[in-house]
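Peer 1: Note that the protein sequences, when read in sequence, are chains A and B. Our numbering puts the first residue of the first sequence at 1101, with every later residue one more than the last. Our numbering puts the first residue of the second sequence at 152, with every later residue one more than the last.
Bear in mind the hints are in silico, worked out from the structure with no lab data behind them. Hints may be right or wrong, so weigh each one.
Sample of chain A residues facing chain B (criterion: CB under 8 Å; computed from the structure) [claimed, not checked]: (1) Gln1141; (2) Gln1148; (3) Glu1200.
Fair warning: this is a prediction, and the values are worked out from it, not measured in the lab. Glycine is no exception: its CB is placed at the ideal position from the N, C-alpha and C atoms.
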Amino acid sequence: EAGVAQSPRYKIIEKRQSVAFWCNPISGHATLYWYQQILGQGPKLLIQFQNNGVVDDSQLPKDRFSAERLKGVDSTLKIQPAKLEDSAVYLCASSPRNIEAFFGQGTRLTVV
Amino acid sequence: TQLLEQSPQFLSIQEGENLTVYCNSSSVFSSLQWYRQEPGEGPVLLVTVVTGGEVKKLKRLTFQFGDARKDSSLHITAAQPGDTGLYLCAGAGGDNFNKFYFGSGTKLNVKP
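Chain A with its partners taken away, still in its complex shape (with noise of 0.2 Å):
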């Protein structure tokens, strides 16, 4: 069975310009999670999203970051523009029971 898949692997911009990170899940699953990892830190829940409804973005940054799950498949995460302190592993997750969520590789955003 393939894994969640996220792309890029790395990507450096500088501040205030703007990136987008893709993430397919693992086929069949319903709910689909971005998170955000600072170093030396446990995954932050940024959006958590159930078929292609958010079910929670609570801690989603509105006014810079914004997501998407169109067809309740792949999604993206855009940040727009970027600041330094949104260096950190984005990491993609999906479920298919909600008890339990399988993650892909992550995306290293460095913010120059």
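Chain B: place on chain A using the hints.
Peer 2: The following block gives chain B in isolation, referenced to the frame of chain A:
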């Protein structure tokens, strides 16, 4: 707000030693997961526990879920250098759709 507290934060031991990592919360979870994360990779699911008092074994790793479903422990017997990594616990809970709340992690280094 950190729902899950992990201890210790850092652990450096010699190969062959035993160790225990703790994950504590004042909240009740419907299930709890343990993940291991290596540098540059996403978290990899090790185990899911769902029943209070449940004990699961995975080779040299023993996982226990507290009776009240608020805490968990991970015990490693005869640690090996390959066990080195960041160990994360995550509790699943929520009103309608389960969210996964992560602890801050325990960074384990096993020296040969």
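Peer 1: For each hint, tell me whether it holds in the structure or not.
Peer 2: Hint-by-hint comparison with the structure:
1. Gln1141: holds (6 Å)
2. Gln1148: holds (6 Å)
3. Glu1200: Hint holds; Glu1200/A Cβ to chain B Cβ min 5 Å, cut 8 Å.
Hint compliance for this structure: no hint is broken.
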